[in-house]
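A.B. asks: Produce the complete structure using the sequences and hints provided.
Protein chains: 2
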Amino acid sequence: MAEVNRQIVLDQLPQGKLAPDHFRLAEGPLPAPGDGEVLLRTRYISLDAANRAWMQGATYRSALNAGQVMAGGALAEVKQSRAAHLKPGDLVFADTGWQDYAVLPAAHLAALPRLEPITHLLSVYGIAGLTAYFGLLKCGRPKAGETVVVSAAAGSVGSLVGQIAKIKGCRVVGVAGGAAKGALLVRDYGFDAVVDYKAGDTRRALRAACPDGIDVYFDNVGGDVFEAALFNMANHGRIACCGAVSQYDGAAPAHGPRGIPGLIVTRRLTLTGFVVMDFDDERDAALAELKAWVDSGRLKVAEDIIDGLERLPAALIGLLAGENVGKRMVKVA
Amino acid sequence: MAEVNRQIVLDQLPQGKLAPDHFRLAEGPLPAPGDGEVLLRTRYISLDAANRAWMQGATYRSALNAGQVMAGGALAEVKQSRAAHLKPGDLVFADTGWQDYAVLPAAHLAALPRLEPITHLLSVYGIAGLTAYFGLLKCGRPKAGETVVVSAAAGSVGSLVGQIAKIKGCRVVGVAGGAAKGALLVRDYGFDAVVDYKAGDTRRALRAACPDGIDVYFDNVGGDVFEAALFNMANHGRIACCGAVSQYDGAAPAHGPRGIPGLIVTRRLTLTGFVVMDFDDERDAALAELKAWVDSGRLKVAEDIIDGLERLPAALIGLLAGENVGKRMVKVA
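As given, the protein sequences belong to chains Y and U, one line each in that order. Numbering that gives the first Met the number 0 numbers the first residue of the first sequence as 0 and each following residue consecutively. Numbering that gives the first Met the number 0 numbers the first residue of the second sequence as 0 and each following residue consecutively.
I should point out that these hints are in silico values taken from the structure, not numbers from a laboratory. Any given hint might turn out to be false.
Stated by the list, open to error - Chain U side only, calculated, beta carbon under 7 Å to chain Y, not exhaustive:
#1 111
#2 113
#3 114
#4 240
#5 243
#6 250
#7 254
#8 256
#9 260
#10 263
#11 264
#12 265
#13 269
#14 270
By construction, the Cβ of each residue, glycine as well, lies at the ideal position given by its N, Cα and C atoms.
C.D. replies: Okay, here's the thing in C-alpha cells:
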C-alpha cells in the first residue's frame, strides 16, 4: 500500500470555463478508518458533466468549495473494514473524491457483484446505465414506432439511450458534435440518423431528420439544442430532462429557451426532470434487464478509459468539450 | 329574428398590443343552413386570453387572418336545424365567432343540458371549469396538505383552481394583480394567501408565502411569474401549463424563463402542457363532480357579464389587461 495519499484539490472555483489551474495536486497521509468506517482504494474514478455543475452551486448535493478534495464517484476496493457487511477485497461505488484513498462511513456502501470487466460497474451497470434506462423508459415512455432524439448521443448516457430506444422499436436520431461521432453512432450503435450540432442550424436539421416531429427527446445538454428540439416536438411529446451540460462550464445563463411555456401548452408536452437515485426501488430489475441486453449483444458498451490520477483535471475538461465517446473514467489503480 | 347579421371583423392582425381599431363592425345577410347544418343565434360569447394567442399564429387551431369574422366560442341557440339530433331552442356551445348568427355543420355540436343560470354553461360547466378541473387534478395531481399556487388567480380558471385545491385539502396561494383582487380571493374564495405580482419582487413574495416550496403550480400566465414560481418549486413539484397570457399581447418574446432545464432536473420537476379537449373522455364525470360542488355551495362561480355585441373588442382588451374577476362573457341576445 502506498505510504501517501495523492489528492487533487479544487484550488479555486471557476468563474468561467474550467481550466487545469483550478486544480492542484496535494499529498496527505493515509487515513485510518474509525468504527463503522472503511478504508477504500480508488480503482476507477467516474468523470461526469455533473462534476462541473457541482461547482456552480447546490444541485441535488451541496455545492463544492475551493480547497476541498475534488468530489467524484469511483469504483473502489475495500482495504480495511470496521463494518460487518464489508470485507477487504469488496468492490463498492463511493464518493471517494479524486484521491488514492478515502475513509468513508460504511452504512451507505454495498458490495458490488463480481463481473468482468469491472469497468462496466461504472458504465452500463452504474449511474450512466441506470440514468439512460430510467430516464428513457420512465420519463420518456417511448412506444414502438415513435421517434426518439437524444443529445450528447455519443456520451456515456446518450449512447445507451439510443440503443435502448432501438431495442424498444423506435426510430432514433442522435445529436452529437462532429461528423466522426455521427458516423460512429450510425455504424456501430444502430442510430437511424444523426444531427451535428456544430454544423449550423440544429432546429432545421432536426426538422429534416424528424419530419413527423419528435415524440421523445432525451435532453442531456439544455441550451440551444434543447430549444431546437422543443420547436420540433410532436403533439403529446415527452422531454426527459437529464442534464444541461451546455450550461455548466461558465457563468449561469441569463435566459432560458424560447417557446416555454407556450409550446408546452399548445403541443401538450410533458417535461420531466429526474435524478437516478429517485428510482432506487427498481434498480435491481433494471440492472437485470441491462445485463440481459449486454450479454445477448444487443447493447454495446462504449468506455473511454484514461490512465493516471494526475490526468483527472484534463479528463474532465475534455469531457466538457465533448471529446469522449462513451463512458469516460480515469484508472487510478 | 333580425334581418341583418352584425359581425365584428378582425380588420388587422396586431403587431404589438391589441387595440380597438384592429376590429371593425360589419353587417352581413342572415345565412341559411344547408343539409346537415344549423342556424345558430349567439347568446353569450366567451372571452378568453386564448383569443389573443390565436392572432399570433397556429396553436391548437390554425391562426386567424385579417378580414375574417373574429373567432370565438359562444353559448348559442339553434334557430333552424337541418340535422336530426338538434331542434330549434336547443342550446349548444359552438365556435360561432363574434356575430349575431352563424351557420355551422351540426355534426360536432351537442345539445347542452338545461340549467339556470345558463351562463354557467360558459363558466364552471364550460371550458373554464373543465380546464381548472383537469389541469389541476390530472397535471397538477395535488395531495392534501400540499401547497398549490395558481396565477391569474382571479380569472375564470384561476378562481376555480384555487377553490378546487381547497376542496382537495391543499394550502392555496393565488397570484393576482392588485390589492383589491387579492382581498377578494381571501375573503370570498377561501384562498390562504395572495401575492400581488404588480407590487414588486414576485419571486421573493412567493418564497415568503410558500416557505416549504410550491408543490403544484398552475400556470396561466407564463413569463416572469412562471419564472418566479419555478425558482420556488419544491422537489418533485408539478407545473400544469395552461396558458401564457403574459406572452400573448405583443410580439413573441425573445427569451424564455431562466432555470430551464437546470431546475427541472435538480428538483425533479414535471411540467405538463394540456388542452382541455384532451380529456373529453372524462368530461361527464368531471361535470358531475363540479355540479355537486356548486350545488353544495363549496364552489363559488364568479362571472363578469358585459352587455352588447359591439363591446366585444373592449371586453377582450380589458381581459388581457386583467380587469375581470371570474369568467368574462358578452351577452349578445
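A.B. asks: Can you give the numbers of the hints that this structure goes against, from lowest to highest?
C.D. replies: Failing hints, ascending: 1, 2, 3 and 6.
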